[in-house]
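The hints should help you fit chain B onto chain A, whose structure is shown.
Protein chains: 2
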Amino acid sequence: MELWYTETYREGTRFSMKVKGTLYHAETPYQVVDVVDTDDYGRVMLLDGLIMLTDRDEFIYHEMIAHVPMLAHPNPKKVLIIGGGDGGTLREVLRHPEVEEAHLCEIDDKVIEASKEFFPAFHSAFSDPRSRVFVEDGIAFIERSKGQYDVIIVDSTDPIGPAVELFEAPFFTKVSEALRPGGVFVQQSETVYGNADIVRDLFGQLRSVFPKVSGYMACIPTYPTGFWTFCFCSAGRDPFEAFDAERAARIEARGLRYYNADLHRGAFALPTFVRQVVRGE
Amino acid sequence: MELWYTETYREGTRFSMKVKGTLYHAETPYQVVDVVDTDDYGRVMLLDGLIMLTDRDEFIYHEMIAHVPMLAHPNPKKVLIIGGGDGGTLREVLRHPEVEEAHLCEIDDKVIEASKEFFPAFHSAFSDPRSRVFVEDGIAFIERSKGQYDVIIVDSTDPIGPAVELFEAPFFTKVSEALRPGGVFVQQSETVYGNADIVRDLFGQLRSVFPKVSGYMACIPTYPTGFWTFCFCSAGRDPFEAFDAERAARIEARGLRYYNADLHRGAFALPTFVRQVVRGE
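First to last, the protein sequences are chains A and B. Numbering of the first sequence is given in the numbering used here, commencing with residue 613 and proceeding in unit increments. Numbering of the second sequence is given in the numbering used here, commencing with residue 613 and proceeding in unit increments.
By construction, these hints were calculated from the structure, which means they are not laboratory data. Remember, it's a predicted structure, so these values are computed and weren't measured experimentally. For glycine and all other residues, C-beta sits at the position ideal for the given N, C-alpha and C. Errors might be hidden in some of the hints.
What the hints assert, rightly or not - Below, a list of computed lysine-lysine pairs in the DSSO-like style, where the Cα atoms sit at most 30 Å apart:
no.: 1; chain 1: B; residue 1: K758; chain 2: A; residue 2: K630
no.: 2; chain 1: A; residue 1: K690; chain 2: A; residue 2: K758
no.: 3; chain 1: A; residue 1: K758; chain 2: A; residue 2: K786
no.: 4; chain 1: B; residue 1: K630; chain 2: A; residue 2: K632
no.: 5; chain 1: A; residue 1: K758; chain 2: A; residue 2: K824
no.: 6; chain 1: A; residue 1: K630; chain 2: B; residue 2: K632
no.: 7; chain 1: A; residue 1: K758; chain 2: A; residue 2: K632
no.: 8; chain 1: A; residue 1: K690; chain 2: A; residue 2: K824
no.: 9; chain 1: B; residue 1: K824; chain 2: B; residue 2: K632
As the list claims (entries may be wrong) - Here are the in silico distance ranges between beta carbons for each label pair:
no.: 10; chain 1: B; residue 1: V776; chain 2: A; residue 2: K632; range: 27 to 35 Å
no.: 11; chain 1: B; residue 1: E893; chain 2: A; residue 2: D740; range: 27 to 35 Å
no.: 12; chain 1: A; residue 1: H735; chain 2: B; residue 2: H637; range: 50 to 58 Å
For reference, chain A alone in the conformation it holds in the complex (with noise of 0.2 Å):
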């Protein structure tokens, strides 16, 4: 018996991967949490039918979303990751040696523990002494947590189910309260491809709460249409003023195998139609 997954990205457009088997399955209050064995992407974690992270591409996601904060900002002592109950940007947070205090904020407990059981590489970030996990809403936490982060990354879901609210200006608000002076947040926003209209409000929103709003890309082979976008949200501090070059080489050498200093700014180069979705024109 051969074994596919199918996700259909839209009406016309599947995606397929061959299934060795199925190792994890489990039906929470908040979404279907389903982790497969693959042949070609390793282990696979899927949310409601949506693929999460592979073994083989989960790099670029995890290095993409934490680094370029982590390296706007000058000195990221107290940092906030809502979502991202598998580990991958902590564990990316955590090779900074700035980082005093990584605080991950999940929902659902059942993605930290298939997580745990089914991904060993994410097994370094929960037992390092300087992470804590909360397993608790994002919104609530966020609200009691003023003054707080110098970094605060968004690692969420799709804008459906129980992250909607993670993509409006009334979270982005307690978000901004949540930050340190000269603080930076970064949300993973979707892909503008067939999706322009959801990318556009959601910056929007963002300019509505944020003096500085600024987006990058990176290339995701498993992610719908691979082109991803990011946004890049601050009070004043832009992606590269305090940009530290010997800082980023000394952090590509802990093994990165896609952010790198020059990536730091050419990711934020974006192509026409992305950078005016970016910009609402």
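Okay, now just chain B, sitting in the frame of chain A:
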């Protein structure tokens, strides 16, 4: 009845597009040429069952393979495209007012025929008085073209079938001889992702011929992994030294949707794992 076209990227990965119907089918001495109409991508041309272009995202590939070399050269008067029988690259080259002659050498006239019939976006390229089409083998053509061209672009299929010799050092030597002094050469160079050995070998062969070789990238949703590379080669010119932002802005204003002045540099900022392959590390 629901029709789906499925491209098998690797044995364990498939990409499928819902198809309204087949518009064109030809079995030529070189390959099988198909044009299908799809729900999500408009019309799609396939060669030997591999997606070559879609109405929806062809602009990415064609803008990036054409405008990077065209703007790296200070005055590209005479341009050669090998392959590219669809006319998309030719259309982009002809946006440049400096061009006096644009030659297209395509081995398979059925590709040209199919494009002229089903891809009206490319019509203008073929009817432009500066363009001239040669239906013949690119290698024979380039042998008798010594010192002729400011820019040469190889817009070929994958290094299997009729295009295989276009990825080997003897051909690159002929390309280097067909360039005028100061000329530049660009070729599509596949995805690194899952193809690292092929791409590493290709760049190694290019470096054995051209003193300057670098790589750049674009994200193309309907190509396997999305992660597409291009090689930029010359006897000495780098991609940036002749770059003129005002000239780029004039080209951008002619309706480009991907390429822009920021990306001219940003596209050369390669992810680490791509850079290692391109440099042969």
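Structure-based check of all given hints:
1. B:K758 <-> A:K630: 49 Å, violated
2. A:K690 <-> A:K758: 13 Å, holds
3. A:K758 <-> A:K786: 8 Å, holds
4. B:K630 <-> A:K632: 26 Å, holds
5. A:K758 <-> A:K824: Holds, because 20 Å separates the two Cα atoms, which is no more than 30 Å.
6. A:K630 <-> B:K632: 26 Å, holds
7. A:K758 <-> A:K632: 46 Å, violated
8. A:K690 <-> A:K824: Between K690 of chain A and K824 of chain A the Cα gap is close to 21 Å, so the pair holds against 30 Å.
9. B:K824 <-> B:K632: 46 Å, violated
10. B:V776 <-> A:K632: 27 to 35 Å: Hint holds: Cβ distance 33 Å, inside 27 to 35 Å.
11. B:E893 <-> A:D740: 27 to 35 Å: For E893 of chain B and D740 of chain A the Cβ distance comes to about 30 Å; the hint holds.
12. A:H735 <-> B:H637: 50 to 58 Å: 53 Å, holds
Violated hints, in rising order: 1, 7 and 9; the structure is consistent with all others.
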